[in-house]
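Q: Numbered according to mature numbering (1 follows the signal peptide of the UniProt record, and there is no 0), the sequence shown spans residues -19 to -1, 1 to 406.
These are computed hints drawn from the structure, not numbers from a lab.
Keep in mind that a hint or two might mislead.
[What the hints assert, rightly or not] Ranges of calculated distance between the beta carbons of each label pair, as one might list FRET restraints:
no., residue 1, residue 2, range
1, ARG320, ASN243, 44 to 50 Å
2, SER331, ASP86, 21 to 27 Å
3, PRO317, ARG69, 47 to 53 Å
4, GLY231, ASP85, 40 to 46 Å
5, ARG69, GLU130, 15 to 21 Å
6, GLN370, GLY198, 42 to 48 Å
7, GLU306, ASN262, 18 to 24 Å
8, ASN262, ASN329, 48 to 54 Å
9, ASN52, SER213, 36 to 42 Å
[Claimed, not checked] Derived DSS-like pairs (lysine-lysine); straight-line CA-CA distance at most 30 Å:
no., residue 1, residue 2
10, LYS152, LYS46
11, LYS51, LYS82
12, LYS60, LYS82
13, LYS387, LYS82
14, LYS168, LYS240
15, LYS113, LYS51
16, LYS113, LYS82
17, LYS113, LYS152
Just so you know, even glycine gets a beta-carbon here, dropped at the ideal spot from N, CA and C.
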Amino acid sequence: MKRLILALVLATLTVAARAELLIKVTEGRVDAVPIAIVPFDGDSEAPEQVSAIVEADLHRSGQFKPLPVKNMLSRPHTKDAIIYRDFRVLGQEYLVIGHTKPRDDGRYEVTYGLYDVGRQRELFSESYSPTKAQLRDVAHAISDRIYEELTGIPGAFSTKILYVTHNRGAKLPYQLQYADADGHRVKTILSSGEPIMSPSWSPDGSKIAYVSFENNGKPNIYVHDLASGQRSVVSRERGINGAPSWSPDGQRLVITLSKDGNPELYMVNVSGGGLTRLTDNYGIDTEARWMPDGEHVVFTSSRSGGPQIYMLNVNDRSARRVSFEGNYNARPDVTPDGRYLVYVHRRNGSFNVGVQDLQRGTFDIVTQTNMDESPSVAPNGSMVIYGTQRRGTGVLEAVSIDGRVKVELPSKEGEVREPAWSPFL
């Protein structure tokens, strides 16, 4: 429930919106689960078609193959009206039915149920009472619930995606924006004539940190409260101020500073002050990301001659190299369970997203584009969003952690880069 409440707060912020992202599933699992999502009774008259959003969410995950509505032999809205044979002969394993009805108090009643076609039984049913503005949030919550019930993994459809857009012809060409995980309801957080870089979510999703060059072209690190719009500078040291990453407790940031000459990792309190140096090496140390244990960070370093991924213990300052495949590995992120490292790997002149299993020691390339950057892992560990190039323009794409599902998220307007997937909200 806390996740849904924070998602509703973010959805109702009154800030300017820009072009929405377009979602296109380019490759899914061949063993995707067949599921029939019957259009909810009353959806066609509602301002948001809840069942259509649920269908799009589950399809976008690549784990499910929704039955086209036109192929349905019947379209039940109640449990008693279900003719299981109609869906069994079409090879469907699961069925979702429901209704969206307006209430006298201005809210809506959204009720739905998930059914096992083969066993002919109800798995669960739920009801919501959203306002008009909350219908899309409820649809994503339903998708999350169905996804978790059928996969055992929490759904991430109610999360947000943070990114930077660049529109060359605009008066303020750089914008820091976020949207629903399906690309809808874009909100603009900051518009600037100077570059914005390295956006990062706080662990509770209420704040973001980023680098802005708005101060006379010099990079400063800001922390921005999304609900209030208030922001503060947490680092304005001489030289580089870059790559902020939140600690799991939300109290500290690991950042990159060059105030003493060489780019090194430092730790700073989110409220400002308490600066602590973490690395002291002749190489460049940057792009740190906290591990889930709160005691280690992974980062990019050139100390071995080229960019490689290292792991640092923030308590005793010891560091060890963890990437060994090839001579270029950078921009790490980590799955919530700490098992997989995701980073940019160069092979045969192409920059791709690679996934390293820290338990098994395996490494796999999961993308086929050639200019990938800034991978960011979904909070359930199932997908990775990243920036890449399509026809000379920066776009966002997503890929499953095993490389079997691929999704394009092109923008209707301008270039898109440096994505960051929110935590659960």
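Q: All the hints need checking, so say for each whether the structure fits it.
A: Status of the hints after comparison with the structure:
1. ARG320 to ASN243: 44 to 50 Å: Since ARG320 and ASN243 have Cβ atoms about 32 Å apart, the given range 44 to 50 Å is violated.
2. SER331 to ASP86: 21 to 27 Å: Distance hint for SER331, ASP86 is violated at roughly 57 Å.
3. PRO317 to ARG69: 47 to 53 Å: violated, 37 Å
4. GLY231 to ASP85: 40 to 46 Å: Once the Cβ atoms are compared, 42 Å apart, the range 40 to 46 Å for ASP85 and GLY231 holds.
5. ARG69 to GLU130: 15 to 21 Å: holds, 20 Å
6. GLN370 to GLY198: 42 to 48 Å: The hinted range 42 to 48 Å is violated for GLN370 and GLY198, with Cβ atoms some 26 Å apart.
7. GLU306 to ASN262: 18 to 24 Å: Between GLU306 and ASN262, where Cβ atoms are some 22 Å apart, the hint holds.
8. ASN262 to ASN329: 48 to 54 Å: violated, 29 Å
9. ASN52 to SER213: 36 to 42 Å: violated, 55 Å
10. LYS152 to LYS46: violated, 43 Å
11. LYS51 to LYS82: holds, 23 Å
12. LYS60 to LYS82: holds, 17 Å
13. LYS387 to LYS82: Violated, at about 35 Å.
14. LYS168 to LYS240: Violated, because 34 Å separates the two Cα atoms, which is more than 30 Å.
15. LYS113 to LYS51: holds, 28 Å
16. LYS113 to LYS82: holds, 11 Å
17. LYS113 to LYS152: Roughly 34 Å separates the two Cα atoms, so the pair is violated.
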